[in-house]
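Required output: the full structure, derived from the provided sequences and hints.
End of the sequence shown = 116 in the UniProt record's numbering, gap-free, step of one.
Bear in mind the hints are in silico, worked out from the structure with no lab data behind them. Computed from a prediction, not measured in an experiment: that's the story for all the values here. Beta carbons are placed, not taken as given, at the ideal position from N, Cα and C, and that holds for glycine. None of the hints are false.
Cβ-Cβ distance ranges computed for the label pairs, FRET-style:
1. 64 / 11: 18 to 24 Å
2. 58 / 85: 17 to 23 Å
3. 82 / 9: 32 to 38 Å
4. 8 / 85: 39 to 45 Å
5. 27 / 65: 37 to 43 Å
6. 28 / 83: 31 to 37 Å
Result set (SDA-like, lysine to any residue): computed pairs, CA atoms no more than 25 Å apart in a straight line:
7. 96 / 79
8. 96 / 71
9. 96 / 14
10. 96 / 74
11. 96 / 13
12. 114 / 62
13. 96 / 23
14. 96 / 77
15. 114 / 93
16. 96 / 15
17. 114 / 91
18. 96 / 11
19. 114 / 92
20. 114 / 11
21. 96 / 65
22. 114 / 97
23. 96 / 85
24. 96 / 25
25. 96 / 58
26. 114 / 77
27. 114 / 70
28. 96 / 24
29. 96 / 22
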Amino acid sequence: MGKPNDEAEMGIIPRLCNHLFQRIHENADPNLKFSVEQYSFLTECMPLRKQRLYTQVSYMEIYCERVRDLLNPSTGGNLRVREHPLLGPYVDDLTKLAVCSYQDICDLMDEGNKAR
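Structure representation (structure tokens):
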């Protein structure tokens, strides 16, 4: 994964997440309000309004053909990979947590790494 504070040693996922939130911050509208909302899987099929931004994180480990949810290790190690006709492959019952910053992602990655 690399060190979260040293960009030269960051892995691809931390770099991507850091860049994503930098871009969000650069393009932020001061009149825009952010809120964390939970919504159903089917809502993801609908286009989001330009005023809303949803960022969710999941963290899983695939080892010996078993899928483990690292953000909720109590689910066991045998989650199923399925395919939605419009959205494509997904992991059934994988935890999705809303995040508002790169630091939120770093904290969740640290927690997930402890479950490995």
